[in-house]
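Same order as they appear, the protein sequences are chains A and B.
At position 509 of the first sequence the residue is numbered 509 (the working numbering), and the sequence of numbers has no breaks.
At position 9 of the second sequence the residue is numbered 9 (the working numbering), and the sequence of numbers has no breaks.
Keep in mind that the hints are not guaranteed to be accurate.
Claimed, not checked - Facing chain A, from chain B, some residues (calculated, C-beta under 8 Å):
(1) 29
(2) 33
(3) 36
(4) 45
(5) 49
(6) 53
(7) 106
(8) 119
(9) 125
(10) 134
(11) 220
(12) 221
(13) 234
(14) 235
(15) 237
(16) 240
Unchecked claim - Cβ pair distances, simulated, as ranges:
(17) A:327 - B:73: 43 to 49 Å
(18) A:70 - B:236: 33 to 39 Å
(19) B:236 - A:94: 19 to 25 Å
What the hints assert, rightly or not - Calculated from the model, a selection of chain A residues having no Cβ within reach of chain B, i.e. all distances over 10 Å:
(20) 252
(21) 258
(22) 295
(23) 393
These are computed hints drawn from the structure, not numbers from a lab.
Heads up, the beta-carbon is just placed ideally off N, CA and C, and yes, glycines get one too.
So you can see what is in the structure, the chains are spelled out below.
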Amino acid sequence: MLKLDRRSFLATTAGLSFLTVLPRIAFADGHADTLRVAIAGETGDLDLLQNVSTLSSYSAVFDALIHYGPGGALEPGLATAWTIAEDGLSISFDLREGVSFTDGTPFDATAAEWNLKRWMGVADFSWIGIADAFDSIVIDAPNKITVKLKRPVPAALLELIIVRPVRFLSPKAAAGQPIGTGPWIVESYSSTETVLVRNDAYWGDKPAFGRMELKVVPDELARANALRAGELDVIGGDWVAALSPRRAQALAGEGMTIVAEPGTATTILGFSPQSPMMQDKAVRDAIFLGIDRAAVATVLFEGFADPTVDIFPATVPTAGSRTPVPARDVAAAQAALTAGGWAGDAAGWTKDGTALEIAFLVSEESFPGSRRIAEMIQGMLMEVGVKTNIETVDNATMHDRRPKFDYDLTFFGTYGAPYDPHGSLGASFVTASDTGPDGKIYVHPDLDALVATALETGGDAREGAMQAVYDWLRTNTAACPLVVTQRLWAVHPRVAGFTLPATDYDLPFKGITLG
Amino acid sequence: MKNWPWAILAPAFIFVLIGIFSPWLMTHDPAAQDYGALLKGPSWDHWLGTDYLGRDMFSRIIGGARTSLVAMAFVLVAALAIGVVIGSFAGYVGGKTELVLISVIDIALALPSLVIALALMGVFSGENFNWMSDYWKMVVALTLAWWANYARMSRAVVVAELQQPYIEAARVMGASHIWIFTRHILPHVLGLVVVYASADAGALVLAIATLSFLGLGVAPPTPEWGQMLVDGMSYIEENAALVIIPGLALTAVVVSFNLLGEAFALQKVPRAVRGRLLARKKAARAAEEIARQEVEA
Numbered sequence: 001m002l003k004l005d006r007r008s009f010l011a012t013t014a015g016l017s018f019l020t021v022l023p024r025i026a027f028a029d030g031h032a033d034t035l036r037v038a039i040a041g042e043t044g045d046l047d048l049l050q051n052v053s054t055l056s057s058y059s060a061v062f063d064a065l066i067h068y069g070p071g072g073a074l075e076p077g078l079a080t081a082w083t084i085a086e087d088g089l090s091i092s093f094d095l096r097e098g099v100s101f102t103d104g105t106p107f108d109a110t111a112a113e114w115n116l117k118r119w120m121g122v123a124d125f126s127w128i129g130i131a132d133a134f135d136s137i138v139i140d141a142p143n144k145i146t147v148k149l150k151r152p153v154p155a156a157l158l159e160l161i162i163v164r165p166v167r168f169l170s171p172k173a174a175a176g177q178p179i180g181t182g183p184w185i186v187e188s189y190s191s192t193e194t195v196l197v198r199n200d201a202y203w204g205d206k207p208a209f210g211r212m213e214l215k216v217v218p219d220e221l222a223r224a225n226a227l228r229a230g231e232l233d234v235i236g237g238d239w240v241a242a243l244s245p246r247r248a249q250a251l252a253g254e255g256m257t258i259v260a261e262p263g264t265a266t267t268i269l270g271f272s273p274q275s276p277m278m279q280d281k282a283v284r285d286a287i288f289l290g291i292d293r294a295a296v297a298t299v300l301f302e303g304f305a306d307p308t309v310d311i312f313p314a315t316v317p318t319a320g321s322r323t324p325v326p327a328r329d330v331a332a333a334q335a336a337l338t339a340g341g342w343a344g345d346a347a348g349w350t351k352d353g354t355a356l357e358i359a360f361l362v363s364e365e366s367f368p369g370s371r372r373i374a375e376m377i378q379g380m381l382m383e384v385g386v387k388t389n390i391e392t393v394d395n396a397t398m399h400d401r402r403p404k405f406d407y408d409l410t411f412f413g414t415y416g417a418p419y420d421p422h423g424s425l426g427a428s429f430v431t432a433s434d435t436g437p438d439g440k441i442y443v444h445p446d447l448d449a450l451v452a453t454a455l456e457t458g459g460d461a462r463e464g465a466m467q468a469v470y471d472w473l474r475t476n477t478a479a480c481p482l483v484v485t486q487r488l489w490a491v492h493p494r495v496a497g498f499t500l501p502a503t504d505y506d507l508p509f510k511g512i513t514l515g
Numbered sequence: 001m002k003n004w005p006w007a008i009l010a011p012a013f014i015f016v017l018i019g020i021f022s023p024w025l026m027t028h029d030p031a032a033q034d035y036g037a038l039l040k041g042p043s044w045d046h047w048l049g050t051d052y053l054g055r056d057m058f059s060r061i062i063g064g065a066r067t068s069l070v071a072m073a074f075v076l077v078a079a080l081a082i083g084v085v086i087g088s089f090a091g092y093v094g095g096k097t098e099l100v101l102i103s104v105i106d107i108a109l110a111l112p113s114l115v116i117a118l119a120l121m122g123v124f125s126g127e128n129f130n131w132m133s134d135y136w137k138m139v140v141a142l143t144l145a146w147w148a149n150y151a152r153m154s155r156a157v158v159v160a161e162l163q164q165p166y167i168e169a170a171r172v173m174g175a176s177h178i179w180i181f182t183r184h185i186l187p188h189v190l191g192l193v194v195v196y197a198s199a200d201a202g203a204l205v206l207a208i209a210t211l212s213f214l215g216l217g218v219a220p221p222t223p224e225w226g227q228m229l230v231d232g233m234s235y236i237e238e239n240a241a242l243v244i245i246p247g248l249a250l251t252a253v254v255v256s257f258n259l260l261g262e263a264f265a266l267q268k269v270p271r272a273v274r275g276r277l278l279a280r281k282k283a284a285r286a287a288e289e290i291a292r293q294e295v296e297a
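Turn these sequences into a full structure, and let the hints steer you where they fit.
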């Protein structure tokens, strides 16, 4: 039988306490030089040509010719300078000298040509303007290339910033080997974690710490709890591991630093252009006027969102002039319906024997939290007299019905930096574009012509051409922008110098030091 | 042990009462949003507080009981009707028809009912079923997922009863199939299946909540416990009541119905219920006796 006296009890307790603390000490020591970042999904092998890996990790490993700066400014990356010919049919790039891939292969004109020809002129990538207009590549010098185009592509330089496929892979990399010139090297990846180590030969500012662990934590509450427990250092970023405003509020009160900045993507209520009900502009106007955007931003986004009626926020280049956000006006919404030939009141509306009743397609899988926003809008529209039926569907059904415009209302989002405005305009507002399961926000023959002109117009006339698109969308109430969600990150106290990454498709590490 | 059955019946009984009288019990419109009273705690105005859109939690819980009760009643009645008809037909007709039908029943029983319901909800979400509301899609999906048990049970009862001498006697006397089935066999089938169905109610309430939890059931703004649970999850850190209240309501009702079912199975039913059951059984036996005497006469 076990005999327990005071001495042995104290010794056992002390021993157990030490054993409890030991892993913590070891953990802290082992992670002193490591930034631990949550990612929502595994990174995979970061194949630049496949739409498989999550978007957030590419920029850490693979560099681009041009970097995205504040407000969409173009900054030198692997190209130190670039020149666009007057006719817009060729772009010359001076490539950065002395840069090598992490396998030792030099980055030069030959490597650049090999990379660019993997996607330029390839049908699968025709959604990228410069790939679609590609003609040929000329090597002007060991560190200078010229890309020749069949037609001008005003957004070409912005397109060279996007996540994939435009970044540069070592020509000698075997299949499945993510070898770039970026600040980080992939040490290992699995379904639960990707480990990156610093590329000490990186040409730019090197990270202040040597290792980054990207931990796959799909659940948002689990991510927040891991941050609290000190098992993660940073969580957030729409395309990295989204942090909800409510969770951010909770973490702010617990000693975590919350970093928020105006976002670059707009949440939009889309009207189906093929729905007979939504083809009636009076109905669209009533919905547009009947929604309290400020309440949506305050109640559901805790103030971490900015109400808007513009398609793109001012943080995106050539986003157009700003439209003041109108206050919710139920009377004006009802007046719009009356003017449109509808008869009724807050109890309901009819026109030619048809009751005003709309289907609001929502998928929590596609857009977490969307049902709550839909419920809020449903309540607001109910006061106008617009009966709104929320249909909650799974991701597959949403992806099936959205391209067919099989809904009256549904949520859309613009892509955000660095894809906008050309990315969302060229994909979500053009009849002929192939957006696959994502569907389109609105299409119309008149809009097609305006968007085509805007996307083809460069130079000083570009702003005006873009504005014509925005004006058409607003005049015709073709879409109902709601809010621009802010870029939101939560940072553990051991992290200092946190600055938001250039876009929400990038990982944070620049300027960060670890305590 | 003598007293516990009453206690276990209470939540189920209260659930049914609340479901029936909910329009008179709700203190607020369960869909009415009040942005000035978001996530409030219990008060005189809002007995169970408010949710993230300022809606009254008490009224939503009451409304949720009605939603579950009505859906449960529809599904039970429909599944029972389908199950009894198919099972009884299979058992009564026999032969190859029985073989085919029992195979269909076995296939339906091979998969968990909830999995079948989920698959059907996926099918119903296609454009061909846009004419059905989410609520009716859920009711139909659950009905089609739930009938097989009743069918199997009905078939077993019918097969057993057909072996009884009084059925043989009725046949000899020239009684028609419809007469034999409706007057002699159906009461036995219903007696067993209805008792089983009452115990199955808890599982159905849970299934309804599960589908709503997964976003596939009742559409907003209709209050539903599963939906309240999943929506409250985002606020669990700040206002756990949004999850606890519907969770407790759901747990109490499901446990209550499950214990009731267990009690039925063990025949440890409350005296009042047992008395009624016995009376029903006695009446059925008396009817059989009369029928037998008629046959003998």
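Right, here's what the structure says about each hint:
1. 29: violated (10 Å)
2. 33: holds (4 Å)
3. 36: Residue 36 of chain B check fails; min Cβ-Cβ to chain A is 10 Å, beyond 8 Å.
4. 45: violated (19 Å)
5. 49: Hint violated; residue 49 of chain B Cβ to chain A Cβ min 16 Å, cut 8 Å.
6. 53: holds (6 Å)
7. 106: violated (29 Å)
8. 119: For residue 119 of chain B, the interface hint is violated, since the closest Cβ of chain A sits about 12 Å away, which is over 8 Å.
9. 125: holds (4 Å)
10. 134: For residue 134 of chain B, the interface hint holds, since the closest Cβ of chain A sits about 6 Å away, which is under 8 Å.
11. 220: holds (5 Å)
12. 221: With Cβ-Cβ at 6 Å, under 8 Å, it holds.
13. 234: Since chain A brings a Cβ to about 6 Å from residue 234 of chain B, closer than 8 Å, the hint holds.
14. 235: Because about 7 Å separates residue 235 of chain B from the closest Cβ in chain A, which is inside the 8 Å limit, the hint holds.
15. 237: holds (5 Å)
16. 240: violated (12 Å)
17. A:327 - B:73: 43 to 49 Å: The hinted range 43 to 49 Å holds for residue 327 of chain A and residue 73 of chain B, with Cβ atoms some 45 Å apart.
18. A:70 - B:236: 33 to 39 Å: The hinted range 33 to 39 Å holds for residue 70 of chain A and residue 236 of chain B, with Cβ atoms some 37 Å apart.
19. B:236 - A:94: 19 to 25 Å: violated (55 Å)
20. 252: For residue 252 of chain A, whose nearest Cβ neighbour in chain B is about 12 Å away, the distance exceeds 10 Å, so it holds.
21. 258: holds (15 Å)
22. 295: violated (6 Å)
23. 393: Violated, since 5 Å does not exceed 10 Å.
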